[in-house]
Amino acid sequence: MGKVFDWHLIFDFIPTLLEYLMITLQVLFYATVIGLVLGLILAVIRLFRVPVLSQLVVVFLSFIRGTPMLIQLFLVFYGLPALLLVFGVDISRMAPAYFVIVTYALRDGAIFSEIFRSAIKGVDYGQTEAAMSVGMSPMQSFFRIVLPQSASIAFPNVANSVISSLKDTSLAFTIGLMDMMGRGEALIAATAHALEVYIAMSIIYYAVVLILEQAAKVFEKRANRHKAPVVVLD
Amino acid sequence: MQLDYPFIWEAFKEILTALPLTLMLTFVPLIVGFLIGLGVALARIYRVKGVYHVANGYVSFVRGTPIVMHIMLIYFGLPLLLDSLAKRYDWSFNINGVPITIFVLIALSLSAGAYLSEIIRSGIVAVPSGQIEAGYSVGMTKFQVMTRIILPQALAQSIPNLTNVTVGFLQASSIAFLVSVKEITGTAQIVASSNLKFLEAFIAAGLLYWGVTIVIELIASRIDRRATAYNQGGIG
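Chains as they are written, first to last, in UniProt numbering: chain A, 1 to 234; chain B, 1 to 236.
Bear in mind the hints are in silico, worked out from the structure with no lab data behind them. This one's a predicted model, so the numbers in the text were calculated from it and none came from an experiment. Any given hint could turn out to be false.
To be verified - Taking lysine-lysine pairs in the DSSO-like style, the calculated list, with each CA pair at most 30 Å apart, reads:
1) B:182 x A:167
2) B:197 x B:182
3) A:167 x A:217
4) B:49 x A:217
5) B:142 x B:49
6) A:227 x A:121
Turn these sequences into a full structure, and let the hints steer you where they fit.
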């Protein structure tokens, strides 16, 4: 602050910030992949009502829903090293990116598990019956028949939640991640042109979100092309 | 694990004093945002000339950028804008006297407006057109149909979505700590760094947010049951 607003700077800042967008996207990618696996495990635990574990999952989901991203980041950042120290593992010098990935993976896992659960429930039960009637085991019918069909139901929600995770990564700089936002904060400290930096970052975030939304739309159309509406000739 | 359990309780008591500010940062934006959202939703549904494109752009931009950006843009941008206007029109007005909380409230309200407009819009669109036709057929005006037929049903159906947004903005209010507002997260940060007990302080803050979220959800499910009682079918 205190300096005159100079909109030319916005265009100077964009290339610098774009270099760090990669880190944001990498964190997002790893967190999403781990989150998908975790989400599937949690969903299966709840669907098959595994005793004890199922109740623990409910508490975990409620906690993730009930606390802000920032608090979760801090809890993982300060809590994970303390927890692992009990087992004699010292990770206090680990790069912030790992803590960020752990936090987002846990959060994504919780969100994805709810999406998967409703998607799996959305598959017609007749499909399971049909699978059983041709002699498939419950395992086979789940993994070969129900799960693949539920994926296309879940996809739009998963895409939305990945996009909102992208926006959430803007908070990861608070535990020291040098992503786009972290670089932006450093730029502000160096140039004192806060508004220009934030405008530049908003433009980038907005562009990435629009691109991801379009990509999701195209992908969804392709994935569902076998479900093309039946043309009734009259 | 080396946890100072009594300190969690100490921290909790201290952080609890910040709860009113957090609740204000949650509900004021939701109420202001609701009014903005209603206006925007109606402008988009009725395709009001001129306003329509602005409304679309506003919703798309706000939903496409992180909330922390909205807070920062308003926090750094609004004073600059008002200062230059004050200079041009000779207002006697000092932006430095405005508390930071006001900027956060403006930013969160604008943000809530965009999210709420989508919810209100989908709620309105979901009201069966037979209801609207029935309203017209008994001689109601457009305004009467909107306020007596469409909105009550649209809002009743939107309660689960509105609850999600309420919880979301409770949590979004934690971002205000980045511009040093002393709400729950900000206070937790202060308690943590002045006692050098970070984990304990954030556990306390987490428990507080969690508790408030559960209370909000309980209240919302009560309201939901009452508001949608007309639509439950069967015997009632």
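Hints versus structure:
1. B:182 x A:167: With a Cα-Cα distance of about 24 Å, the restraint between residue 182 of chain B and residue 167 of chain A holds, given a limit of 30 Å.
2. B:197 x B:182: 18 Å, holds
3. A:167 x A:217: 19 Å, holds
4. B:49 x A:217: Roughly 28 Å between the alpha carbons, so the hint for residue 49 of chain B and residue 217 of chain A holds.
5. B:142 x B:49: Within the cut-off at roughly 18 Å; holds.
6. A:227 x A:121: Given pair residue 227 of chain A, residue 121 of chain A holds - Cα atoms ~19 Å apart, limit 30 Å.
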